[in-house]
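Engineer: Chain residues, written in single-letter form:
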Amino acid sequence: MIELIGVTKSFGNNHVLRGVDLTVDRGTSLVIIGGSGTGKSITIKSVLGLVTPDAGKITVDGQDVTQTDRDAFLARFGMLFQGAALFDSLPVWQNVAFRLLRGSLKRPKDEARQIAIEKLRRVGLTPDVADRLPAELSGGMQKRVGLARAIAADPEIIFFDEPTTGLDPIMAGVINDLIREIVVEMGATAITITHDMTSVRAIADNVAMLHDGVIQWAGPVGDIDTSGDPYLDQFIHGRAIGPIEAVR
Amino acid sequence: MKLLAAIGRAFLGLLAAIGRIAIFAGQTLGHIVRGPFYLRELAISFLNIGWLSLPVVGLTSLFTGAALALQIYAGSARFSAEAVVPQIVAIGMVRELGPVLVGLMIAARVTSSIAAEIATMKVTEQIDALVTLSTHPMKYLTVPRVLAATIVVPLLVAVGDIIGIFGGYAVATGTLGFNPAAYIRNTLDFLELKDVVSSLAKGAMFGFIAALMGCYYGMNSGRGAQGVGSATKGSVEAAAVLILGANFVLTGVFFSI
Ligand SMILES: Nc1ncnc2c1ncn2[C@@H]1O[C@H](COP(=O)(O)OP(=O)(O)OP(=O)(O)O)[C@@H](O)[C@H]1O
Ligand SMILES: [Mg+2]
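These protein sequence lines map, in sequence, to chains A and B.
Read in order, the letters of the first sequence correspond to residues 1 to 248 in my numbering.
Read in order, the letters of the second sequence correspond to residues 1 to 257 in my numbering.
These are computed hints drawn from the structure, not numbers from a lab.
Each statement offered as a hint is correct.
Residues on chain A that point at chain B, a partial pick, calculated with CB under 8 Å:
(1) Leu48
(2) Leu50
(3) Leu74
(4) Phe77
(5) Met79
(6) Phe81
(7) Gly83
(8) Phe87
(9) Phe98
(10) Arg99
(11) Arg102
(12) Gly103
Since the structure is predicted, the reported quantities are computational estimates derived from the model, not experimental observations.
Note that CB positions come from ideal geometry on N, CA and C, so glycine has one too.
Taking the hints into account, I'd like the entire structure generated from these sequences.
Structural biologist: This is the structure:
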């Protein structure tokens with residue numbers, strides 16, 4: 001279980017998070033939605049300790065994340081970055097198998113490569129991309145390699161930052177199914193950030209909407225159409241008119 | 001008053017920067033002695049910093065040694081002391097010019113590329129990705145580069161010293177009428193162990209500084225292309241100044257006590 005209590009974060013005068021409270025139960029899938037620049041990426045990065053909150057508390061299974069053994073803690077996580085963040089000096093398969101080639105999860109090279117190719121297949125990439133360099137792939141392909149890397153070591157907790165952005169609708173469907181599968185079949189806990197309402201409905205058990213530095217609305221995905229929350233309504237229907245100012 | 005405040009601020013800023021760099025150096029040394037070690041990265045760093053720097057190091061030293069011989073010949077001819085050319089070329093190259101030139105070339109070639117590479121990794125979240133993949137960026141990126149540079153730059157300096165002396169030799173025997181065998185004998189007789197040791201020690205220090213500055217500025221890069229640009233610029237400036245400063249200190253340590 002992941003719990004954020006009163007998390008705040010500012011960059012200079014830009015008060016991005018103003019007290020975020022969020023709970024994700026083990027084995028469930030949470031989707032975070034919210035306007036561009038509202039701090040969704042910062043929120044998940046603060047769980048991983050990539051960003052240090054100014055105040056508030058973040059716990060995973062009741063343990064304060066700042067007080068855990070970092071290596072053991074991070075070994076439980078997988079993360080897909082918004083910009084894929086592939087290592088451009090390494091071929092695709094070594095990116096995917098990065099964790100399996102070093103450290104505590106290290107295994108023989110052949111085996112790591114096989115796993116990498118299998119994970120690439122699951123994100124809809126053929127084995128021939130395995131030996132290419134990330135710079136030789138399209139943006140959407142890079143995103144999928146990043147996804148394969150995030151799930152390579154079968155983590156318990158996975159964060160996906162906009163997994164379907166830049167993908168065609170069919171591939172987006174494949175990725176949505178994959179994320180759902182990882183949660184349902186492997187019992188993983190997932191937090192996904194997306195702007196794609198189809199993905200929200202396909203992936204989420206629960207939805208949280210971030211607005212103005214706080215969680216404006218949170219609840220089961222089945223309730224989003226009947227929430228009665230004007231912010232959420234405006235967001236999911238993509239209306240320019242509403243309580244959220246479209247011109248910032 | 002305003003001016004004074006500005007100077008004070010700049011000075012405090014400089015002190016803070018020195019402190020941060022010292023902490024970074026300390027952390028790097030701490031990680032060098034504790035595993036895990038990434039041998040593949042280390043091997044790549046050896047190749048990039050050492051082997052691939054040989055051409056530029058060789059050419060710079062060759063021309064400098066040759067020019068040095070010409071100058072010393074012209075200068076010493078004024079008081080009929082032409083015979084000192086081999087000795088002064090040897091001392092000049094081994095004690096000062098070899099290490100300094102190699103150090104500066106490494107700052108230009110290696111520091112800049114390390115800074116640009118690591119800064120780009122920072123800007124594109126690759127450093128964050130490393131962390132989430134349970135890999136310490138200092139151990140994976142900084143340690144191999146700093147370790148490789150500290151080991152390999154002294155070797156480059158040795159090569160540079162030899163090629164520089166050879167440059168002087170080629171000019172002296174080719175156009176200035178020196179006897180080849182006598183030139184080599186004079187060079188070897190005159191050089192002391194201390195000269196060679198100081199040369200190599202400077203090389204190690206300069207290699208450490210060059211790689212460390214590349215990593216420090218890369219890791220602390222600002223955002224975007226502009227961040228990468230200023231990280232690269234800052235790293236080369238800092239490396240060059242620190243190398244020349246360290247050279248002065250090391251010369252003092254070796255030759256004035
Ligand atoms: N390193 C940083 N330094 C300064 N400001 C930052 C930094 N990282 C993020 N911000 C600011 O924090 C805010 C939230 O950023 P974040 O990346 O979390 O947005 P987001 O909700 O993920 O947006 P998007 O949907 O566009 O990805 C933005 O206003 C951004 O400018
Ligand atoms: Mg984002």
